Structure formats: C-alpha cells, structure tokens
Amino acid sequence: MDMAKAPRGLMALLVRPRRFTGAAATAGILLALTGCASGGGTDAARDGRPVVIAPGRPGEAARTLTPEQAAEEKPDDSPNAADHTYVQNMIEHHRQALIMSALAPQRASADGVRRLAERITAAQQPEIGAMEKWRALHPAPPAASGGHAHDHSTMPGMATEQQLKELTAATGADFDRLFLKLMTTHHEGALKMAGEALADGNNVAVEEMATEVVAVQTAEINRMRAMG
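Numbering (this note's numbering), first residue to last: 50 to 277.
No lab work stands behind these hints: they were computed from the structure.
Model, not experiment: these values are computed from the prediction.
Honestly, I wouldn't trust all of these hints.
[What the hints assert, rightly or not] As a list, the in silico BS3-like pairs of lysine-lysine whose alpha-carbon atoms are at most 27 Å apart:
1) K214 / K182
2) K230 / K241
3) K230 / K182
[As the list claims (entries may be wrong)] Per label pair, the in silico range of CB-to-CB distance:
4) R98 / E245: 41 to 47 Å
5) L213 / G178: 22 to 28 Å
6) P104 / D249: 52 to 58 Å
7) P104 / Q174: 20 to 26 Å
8) H201 / P99: 27 to 33 Å
9) D249 / G221: 29 to 35 Å
10) P104 / P205: 19 to 25 Å
11) M276 / D125: 43 to 49 Å
12) T220 / A264: 18 to 24 Å
13) E261 / T209: 26 to 32 Å
Ideal Cβ placement from N, Cα and C applies to all residues, glycine included.
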C-alpha cells in the first residue's frame with residue numbers, strides 16, 4: 050500500500066502501538082502522586098511518600114506502586130538494529146532534502162514551491178538535530194556497522210547525482226516541476242523507511258520520530274501532488 054495515499058484513519062493503524070508489559074501494558078499512563086492516597090493505599094502512600102498509580106484493565110481496579118516497583122515494570126525499549134539503522138539512514142535522507150530545498154529560493158518560480166521548501170527545511174533541520182542527539186546517547190554497537198561505509202544512495206527515494214545536477218541547473222517552471230517530482234519520491238522513500246522502523250524497531254523515542262515523519266511527510270506529499 051502507498052502510505053502517502055492512505056486515509057487518515059488507516060494511517061493510524063499503520064503506526065505500531067507502543068509496547069508495554071505487566072502493569073504498564075494496562076496502564077497506558079503512570080501518574081506519579083505525592084502525599085496520601087485515599088482508600089486502600091499502600092504504607093508508602095499513607096506515610097506521604099511518592100506513589101505511582103497504575104490503572105488496571107477495563108473492569109479491574111488500579112494498583113498503587115512504589116516508584117521502585119513502577120521502574121521494575123517499565124518495559125524494555127532498548128534500541129535494536131532497526132532503530133539504529135533508521136536513525137543513521139534518516140539523518141542522511143533528511144540532509145539531501147535540505148540540499149534540494151536550499152535551491153528553491155533562487156530557482157523556483159512558484160511561491161508555493163518556495164514556501165514548501167521553507168517548510169521542509171524548518172521541519173527536517175530540527176529532526177536531524179534530534180536524531181543526532183539520540184545517536185550520541187545510543188551509540189551503535191560495532192556489529193551494527195560492520196566497519197563498512199554505508200551507501201546512502203541506495204536508500205528509498207534518494208535522488209541520484211545526475212538528478213541533483215539537473216535540479217541545480219533548472220530554473221523557473223522547469224525547476225518547480227523537477228523539484229516537486231524529486232521531493233515527492235524522496236518523501237515516499239522516507240515513509241517506507243519510517244514504516245520499517247515502526248514495524249521492526251523497539252525504542253519509543255525512535256517510534257515517536259518515525260511517527261512524526263509519517264504525519265508530516267504524508268501531508269506534504271498530498272500538497273505536492275495538488276501543486277503538480
């Protein structure tokens with residue numbers, strides 16, 4: 050299925066729900082409280098120590114946990130190979146989008162194309178920063194990289210060197226047409242990469258970043274198709 054064409058309701062189904070186990074699976078949210086809990090609280094709650102309320106499944110009562118118990122039941126979202134691959138590749142994918150968008154102010158003839166390029170830059174530059182911070186916090190294990198350089202040109206949606214040269218040489222309506230064509234394909238590739246991360250990854254932060262890519266770039270694909 051072309052994720053870019055999926056209706057909004059279906060898009061929600063394509064985003065994998067977060068993983069929770071034990072009490073966290075039924076909670077959805079853990080609400081930290083201080084002070085006393087009313088009715089049936091633990092000794093910690095009666096003593097005024099912090100407690101955590103873990104809502105139960107439908108029809109089941111909530112549980113009152115100590116912070117230590119809540120920490121033990123927190124799901125393991127350690128990054129796996131799919132998380133590392135997504136972050137590493139998407140940084141380079143975004144960088145090419147920024148290169149393409151930087152050409153628009155001087156070469157595009159349509160105001161809509163220039164504004165689109167500005168929005169792409171405004172969205173993807175901070176996303177690169179967030180992914181670089183994530184990568185610094187979660188260095189990829191040596192086995193994940195294998196000591197080899199990655200060929201980013203093979204990533205879905207990446208423009209070739211020849212296509213980038215043609216875009217750089219184009220102006221006016223020719224630039225607008227080629228920019229919309231290449232950027233639509235570029236975004237479609239990003240959706241494919243994000244979908245793989247959502248299906249195979251394990252880290253909640255990566256899941257949130259991939260979900261944001263799906264939402265923003267799906268909307269931009271629809272806008273570009275309307276413009277083209």
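Checked hints:
Restraint check for K214 and K182: the C-alpha separation of about 31 Å exceeds 27 Å, so the hint is violated. For the given pair, K230 sits about 17 Å from K241 by alpha-carbon distance, which is consistent with the 27 Å threshold. Straight-line distance between C-alpha atoms of K230 and K182 comes to about 31 Å, which puts the hinted pair past the 27 Å bound. Judged by the Cβ atoms, the range 41 to 47 Å given for R98 and E245 holds: they are separated by roughly 44 Å.
Between L213 and G178 the Cβ separation comes to about 23 Å, which falls inside the hinted range of 22 to 28 Å. P104 and D249 have their C-beta atoms about 29 Å apart, which leaves the hinted 52 to 58 Å range violated. P104 and Q174 have their C-beta atoms about 38 Å apart, which leaves the hinted 20 to 26 Å range violated. Distance hint check for H201 and P99: the Cβ-Cβ separation is about 47 Å, which falls outside the suggested range of 27 to 33 Å.
For D249 paired with G221, a C-beta distance near 43 Å fails the hint of 29 to 35 Å. Roughly 40 Å separates the CB atoms of P104 and P205, a value that falls outside the hinted 19 to 25 Å. Against the hinted window of 43 to 49 Å, the Cβ-Cβ separation of M276 and D125 comes to about 44 Å, which satisfies the hint. For T220 and A264, the Cβ-Cβ distance of about 32 Å falls outside the hinted range of 18 to 24 Å, so the restraint is violated.
Checking the proposed 26 to 32 Å range against E261 and T209 shows it holds: the Cβ atoms sit about 27 Å from each other.
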